[in-house]
Amino acid sequence: MPRFATLNEAWMVWDGPAPAPEGAVLEYTRELEKFLAEIERRAFRMAQIALRDPDDAMDAVQDAMLKLARNYASRPSGEWRPLFYRILENGIRDQQRRRSVRKRFMTWLPGPKEDPEGEAQDPLENVADAAPAIPEALMQGQAMQQLEESLRALPARQREAFMLRNFEGLDVAETASAMGCSEGSVKTHYSRAVHSLREQLGEVW
Amino acid sequence: MNERSHDSFEERSRALFNDSVEGLDYALRSRLTQARHAAIEAASANRRSWFSRIGVWTPAAGVTAAAVLGAFLWLGSPLGQHAVTLADGQSNLEDLEIVASTDEGSADTLDMLQDDIEFYDWAEKTANTGPAA
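Line order of the protein sequences matches chains A and B.
Numbering-wise (the working numbering), the first sequence opens with residue 1 and increments by one.
Numbering-wise (the working numbering), the second sequence opens with residue 1 and increments by one.
Take these hints with a grain of salt, some might be off.
What the hints assert, rightly or not - Covered by chain B, according to a simulated footprint, are these stretches of chain A (three or more residues, beta-carbon under 8 Å):
1. 57-71
2. 172-180
To be verified - Below, a list of computed lysine to any residue pairs in the SDA-like style, where the Cα atoms sit at most 25 Å apart:
3. A:Lys103 - B:Leu24
4. A:Lys67 - A:Ala176
5. A:Lys34 - B:Trp122
6. A:Lys34 - B:Gly23
7. A:Lys67 - B:Glu41
8. A:Lys34 - B:Gly62
9. A:Lys34 - A:Arg70
10. A:Lys34 - B:Phe9
11. A:Lys187 - A:Arg157
12. A:Lys67 - B:Phe9
13. A:Lys67 - B:Arg12
14. A:Lys34 - B:Leu24
15. A:Lys34 - A:Gly78
16. A:Lys187 - B:Arg12
17. A:Lys34 - A:Asp55
18. A:Lys67 - B:Glu11
19. A:Lys67 - A:Leu109
20. A:Lys34 - B:Val21
21. A:Lys187 - B:Arg14
22. A:Lys67 - B:Glu10
23. A:Lys34 - B:Leu28
24. A:Lys67 - B:Ala42
25. A:Lys67 - A:Ile39
26. A:Lys187 - B:Glu11
27. A:Lys187 - B:Ala38
28. A:Lys34 - B:Asp25
29. A:Lys34 - A:Leu66
30. A:Lys67 - B:Arg31
31. A:Lys103 - B:Ser8
32. A:Lys187 - B:Glu10
33. A:Lys187 - B:Asp25
34. A:Lys187 - B:Phe9
35. A:Lys67 - A:Arg98
Honestly, the hints are just simulated from the structure, not real lab data.
Bear in mind that the values here come from a model prediction, so they are computed numbers and not experimental data.
Ideal Cβ placement from N, Cα and C applies to all residues, glycine included.
The following block holds chain A by itself, in its conformation from the complex (with noise of 0.2 Å):
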């Protein structure tokens, strides 16, 4: 620097914000993208099971992303995983709320009703898939399909704690946190999920 002869006196001439050191930033926003590269295509499809709808899960996991990053990402990336699947919960579960809230206020409003399911019928459900099943994988698709349907037929708090713990591996301690609640909770409602689910899709399977 030629025109400074010390870095204060810079300083003292710089009247723009500081600039961030590019070496901290770098790494910390590199590890964090690393952590949610990992995680976000199971974190949609954990929220796509609890909210049916793509876009919806689409809104909750992106909120989720920004929310961490905001707010968390200076914690210990130890953190992250229990912290983002907190907010991922809580914004599906504001998700819920909301469309439980929308629907009874459409009751109350003249017109076409919603169907019973809650969702419009899709007219590409009807035309004919071009290509021919392969049959094994419209099997698991169907099973897939079926553990779905019992997974939101769950109440909610088990139908996390099965998600948390079976899908995406986290112990016990990880998903108590992640859930808000105490590790006794999380075994009896991993216990009870895993009865239900066994009871209802056992003659399927």
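Using the hints provided, position chain B relative to the given structure of chain A.
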């Protein structure tokens, strides 16, 4: 229901879930990537603004701390105490004049004050309580 059937059920459901994750279409993957980039950008902006806040406030905090320290030292020093108490009464002013008008150097004066501090303390108490009986 035994443990083994529980385990196989859990394994099967996990495998199905993993397959469904792998089977996500490219449009959804692309949207997830965009969402991730937006989050990273937000985090970087957050961190930069945090650093810039530090950059702006550090010199101000330094100047303030220096001013407070200077005031503390000034008021805490013997000179500062005299400066504050000058307005308290004429007697203090006279004391200062006596000390200042001494023929000896200021270092000697300070030494005298140090040596006789108990005396001055006693004299002050005595003056405040009135003449001794």
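Hints versus structure:
1. 57-71: holds (count 8)
2. 172-180: violated (count 0)
3. A:Lys103 - B:Leu24: Violated. Lys103 of chain A to Leu24 of chain B sits at ~29 Å, over the 25 Å cutoff.
4. A:Lys67 - A:Ala176: Measuring from Cα to Cα gives roughly 20 Å; hence the hint holds.
5. A:Lys34 - B:Trp122: The hint is violated at about 75 Å.
6. A:Lys34 - B:Gly23: Measuring from Cα to Cα gives roughly 21 Å; hence the hint holds.
7. A:Lys67 - B:Glu41: holds, 12 Å
8. A:Lys34 - B:Gly62: violated, 38 Å
9. A:Lys34 - A:Arg70: Holds: Lys34 of chain A and Arg70 of chain A sit about 16 Å apart, inside 25 Å.
10. A:Lys34 - B:Phe9: Cα-Cα ~31 Å, so violated.
11. A:Lys187 - A:Arg157: holds, 11 Å
12. A:Lys67 - B:Phe9: Given pair Lys67 of chain A, Phe9 of chain B is violated - Cα atoms ~34 Å apart, limit 25 Å.
13. A:Lys67 - B:Arg12: Roughly 33 Å between the alpha carbons, so the hint for Lys67 of chain A and Arg12 of chain B is violated.
14. A:Lys34 - B:Leu24: holds, 19 Å
15. A:Lys34 - A:Gly78: holds, 13 Å
16. A:Lys187 - B:Arg12: holds, 20 Å
17. A:Lys34 - A:Asp55: Holds, at roughly 24 Å.
18. A:Lys67 - B:Glu11: violated, 32 Å
19. A:Lys67 - A:Leu109: violated, 35 Å
20. A:Lys34 - B:Val21: Satisfied, since the Cα-Cα distance of roughly 17 Å is no more than 25 Å.
21. A:Lys187 - B:Arg14: Roughly 18 Å separates the two Cα atoms, so the pair holds.
22. A:Lys67 - B:Glu10: Not satisfied, since the Cα-Cα distance of roughly 31 Å exceeds 25 Å.
23. A:Lys34 - B:Leu28: Given pair Lys34 of chain A, Leu28 of chain B holds - Cα atoms ~18 Å apart, limit 25 Å.
24. A:Lys67 - B:Ala42: holds, 9 Å
25. A:Lys67 - A:Ile39: holds, 15 Å
26. A:Lys187 - B:Glu11: holds, 18 Å
27. A:Lys187 - B:Ala38: violated, 36 Å
28. A:Lys34 - B:Asp25: Within the cut-off at roughly 21 Å; holds.
29. A:Lys34 - A:Leu66: Holds. Lys34 of chain A to Leu66 of chain A sits at ~15 Å (cutoff 25 Å).
30. A:Lys67 - B:Arg31: holds, 17 Å
31. A:Lys103 - B:Ser8: Status violated; Cα separation ~39 Å.
32. A:Lys187 - B:Glu10: Distance ~15 Å between Lys187 of chain A and Glu10 of chain B Cα, so the pair holds.
33. A:Lys187 - B:Asp25: violated, 34 Å
34. A:Lys187 - B:Phe9: Since the Cα atoms of Lys187 of chain A and Phe9 of chain B sit roughly 17 Å apart, the hinted pair holds (cutoff 25 Å).
35. A:Lys67 - A:Arg98: Answer holds: Lys67 of chain A to Arg98 of chain A is near 19 Å, not above 25 Å.
Of the numbered hints given earlier, the model fails hints 2, 3, 5, 8, 10, 12, 13, 18, 19, 22, 27, 31 and 33; all others are met.
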